[in-house]
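Enquirer: Residues per chain, in single letters:
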Amino acid sequence: MSSETGDVRAPARGGFSLSLNDPGVRSLVYQVLVVGGVVLVGWFLISNTLDNLARRSIATGFDFLSREASFGIGESLIDYHPRDSYGYAFLVGVLNTLKVAVIGVVLATIIGTVVGIARLSSNWLVAKLASAYVEIVRNVPPLLQLFFWYAVVTESMPPVRQALNPLPGIYLSQRGLWFPVPAADPVWGAMGIALLVGIVAAFVMRRWAAARQARTGQPFPTVLATLGLVLGLPLLVYLGGGAPTDMDVPQLAGFNFRGGMTISPEFFAILTGLVIYTAGFIAEVVRSGILAVNWGQTEAARSLGLPGGQTLRLVVLPQALRVIVPPLTSQYLNLTKNSSLALAIGYPDLVSIANTMINQTGQAIEGVALIMGTYLTISLAISVFMNWYNKRIALVER
Amino acid sequence: MSGNADTTPLAAGERPPSTVVGPLAWLRANLFNTWYNAILTILIAWAIIRTVPPLIEWAVIDAAGFGATSEMCREATGACWGFVREKLRFILFGTYPYDEQWRPLATVALFILLLGASCDRRFWKPWFGLVWLAGLVAAGVLMWGGVFGLTYVENTLWGGLPLTLILSVIGLSVAFPISILLALGRRSDMPAVKAICVAYIELIRGVPLISLLFMASVMFPLFLPTGVTIDKLLRAQIAFIMFAAAYMAEAIRGGLQAIPKGQYEAADGLGLSYWQKMGKIILPQALAISIPPLVNTFISFFKDTSLVIIIGLYDLLGTAKAALTDPAWRGYYREAYLFIGLIYWAFCYFMSKYSQWLEKDLNRMRRR
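Chains as they are written, first to last, in our numbering: chain A, 1 to 398; chain B, 399 to 766.
Just to be clear, a hint being listed does not mean it is correct.
Stated by the list, open to error - Straight-line Cα separation of at most 27 Å, DSS-like style, residue types lysine-lysine; simulated pairs:
#	chain 1	residue 1	chain 2	residue 2
1	B	Lys-675	B	Lys-523
2	B	Lys-758	A	Lys-128
3	A	Lys-337	A	Lys-99
4	B	Lys-678	B	Lys-592
5	A	Lys-128	B	Lys-630
6	B	Lys-592	B	Lys-758
7	B	Lys-659	B	Lys-758
8	B	Lys-592	A	Lys-391
9	B	Lys-592	A	Lys-337
10	A	Lys-391	A	Lys-337
11	B	Lys-659	B	Lys-592
12	B	Lys-630	B	Lys-758
13	B	Lys-630	A	Lys-337
14	B	Lys-678	B	Lys-758
15	B	Lys-523	B	Lys-659
FYI, nobody ran anything at the bench for these hints, they're computed from the structure.
Fair warning: this is a prediction, and the values are worked out from it, not measured in the lab.
The task is simple: from the sequences and hints, build the whole structure.
Expert: Given below as structure tokens:
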């Protein structure tokens, strides 16, 4: 291959060297070899797969998504019937996964923050209790915790006919929890819109208040005003709409309850297990974030005369968040990915619905590709959002 | 947690006032130092009094002891430890032939010994890799048998704790060299190599382990030429290796990035080749830094082996769950999960404490 045998350490500039001692040529050869190897392995696997698929006469392609699913799904956010298509059934699974992920992320963040701050508490009992919580939940497999919570409901709760009735209208049995919800009324929709308007108004008000304080030095009671806008507007709408008080109360009908809202044992187990497990990790993230802020910052804030709450809100937290956000993102991603454990207890998340699809159609490759593609999309969306947030709060250095 | 109370100077012969030192002062400083802490303390104390005595009653006082039969358990109002005693060997060793169960026990001991020895920094030498290799071969001989007069036991009968340890330890040891290559590839100047490594790592880290196990159980058989089959355990093991390699590569990349640029430049300046530079200068330093995150990866990996229950293998969690289906002993899930939870917890807790200690120790060394 080598056409030139000169001084190998100084390849002729401008000349055409093909020596393996030329770093450029060498790197090209290596890359061709690596890419060639990957392509070869890929080709080997794909040709085997095509061969096997033909031999077992398994159909390929995503056409099956439009065929009738003909299996039931335990719980669903949207109306679903076994006559609907596989694609629609999969959508039900994706929504169920997102439901666990969104509620789980919110609850785990709240519990994790409280436990993380509690670990730093000056109260010995609180600090010890919080660290015991963290050390226990982080060191036991999440799947084991899931099984435990599932068994708590399905094995230790009474059957439906002897359901516990701790408060009027609330029933607890081995088939889940039933509780009353306000009966349908147009006022609730209007209140939702009012809440959104209130949040937007609060956001605008905060920007205005910050700008005014920067210009004139006059502070504005933003906390009270925010509370007033976010809670007050919906309350006004509620009162203005005639303050409906009708409730949809669950009633025992035959073998099960009717009406009200239900939390199934599966949903309860997956949510409780994931929230308790992830909160342990978030607590550590929060704790290390707070510890990462130099004590001098707190002292400086105090000597400026800021009270404790403002010290935390204006000085410590903005700096701690910079440390907290990147690891928090990976905890959110972990929680979302761990929601796939739902398969083990029968909560109809996207993996368990894809599993049923694979079993019914035999199209394993498409099923696994759907699962992976969906999770990659969700993961990507969370990281894009958190990266945007991280950039927003990042330190802007001169 | 302020300890400022004991720095007060004392006059000779004078007894310190009880509000400054002693148990009362400790209570004041740590439990009742502000009004909200006092309220918190009282609330928590009340909660502890409400929950801990019933728990002890359940676990000890009202419990049926380890010798209890299922009839005795039905009558007892507390825990049924007889269940754990009865199912102990099934939970620990699964369906491994009963008379041969000293072999999985020896394997577990061997793995614990190897893991324990690896914690000692004196053994962080290249030759220790050979010890690991020998240990893995010995574990294989013990579990499979078929030589030295041991009867052959096929791996569909393996289960319980040895399976958990095999999946995690072998997964880790095979994934380790792969992850080094992936980490180096990700930091490489060669765009094609870098792209392949980044794509692999991000793809694996973006999907849940279950989807990989799924792929292993339903897609691997399709990947192979006709006539070639691999059993379920090996398929799960390959999925674990693929998974662990991506996560460990990220831990090692962190170590590589922490090495100052001067080290790379000095190695280049000495005229070392790429592999000499990496093998003799960069990796020894980078791997030492990466060990705490690698231990953390191993902990989460150890917990994740419990997922194999989904593709029908019986690891520690799987055997416990199977033991619960015995009609004579139904409903003792608390005892079963508490027992295996304790085993998982012990492994993970000691590893995490070790990783914390190591991190402190390494930091101290580096600062010097």
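Enquirer: Confirm or reject each hint.
Expert: Going down the list of hints, with the structure as the test:
1. With a CA separation close to 18 Å, the supplied pair B/Lys-675 and B/Lys-523 stays within the 27 Å bound.
2. Distance hint between B/Lys-758 and A/Lys-128 is fulfilled; the C-alpha atoms sit about 22 Å from each other, no more than 27 Å.
3. The suggested pairing of A/Lys-337 with A/Lys-99 holds, with an alpha-carbon distance near 13 Å, which does not exceed 27 Å.
4. Between the alpha carbons of B/Lys-678 and B/Lys-592 the distance comes to roughly 22 Å, so the proposed pair stays at or under 27 Å and holds.
5. Only pairs whose Cα atoms come within 27 Å are accepted, and A/Lys-128 paired with B/Lys-630 is rejected, the gap being roughly 44 Å.
6. For the hint linking B/Lys-592 to B/Lys-758, the alpha-carbon distance of about 33 Å lies beyond 27 Å, and the restraint is violated.
7. About 24 Å separates the Cα atoms of B/Lys-659 and B/Lys-758, which keeps this hinted pair within 27 Å; it holds.
8. Distance check on the hinted pair: B/Lys-592 and A/Lys-391 sit about 26 Å apart at the alpha-carbon level, within 27 Å; holds.
9. Distance hint between B/Lys-592 and A/Lys-337 is fulfilled; the C-alpha atoms sit about 26 Å from each other, no more than 27 Å.
10. The hinted pair formed by A/Lys-391 and A/Lys-337 meets the criterion: a straight-line CA distance of about 24 Å does not exceed 27 Å.
11. Distance hint between B/Lys-659 and B/Lys-592 is fulfilled; the C-alpha atoms sit about 19 Å from each other, no more than 27 Å.
12. A C-alpha spacing of about 41 Å is found between B/Lys-630 and B/Lys-758, which places the hinted pair above 27 Å, so the restraint is violated.
13. As the CA atoms of B/Lys-630 and A/Lys-337 are separated by approximately 23 Å, the hinted pair is consistent with the 27 Å bound.
14. Restraint check for B/Lys-678 and B/Lys-758: the C-alpha separation of about 25 Å stays at or below 27 Å, so the hint holds.
15. Simply put, B/Lys-523 and B/Lys-659 have alpha-carbon atoms about 25 Å apart, close enough for the 27 Å limit, and the pair holds.
Of the numbered hints stated above, those contradicted by the structure are hints 5, 6, 12, listed in ascending order.
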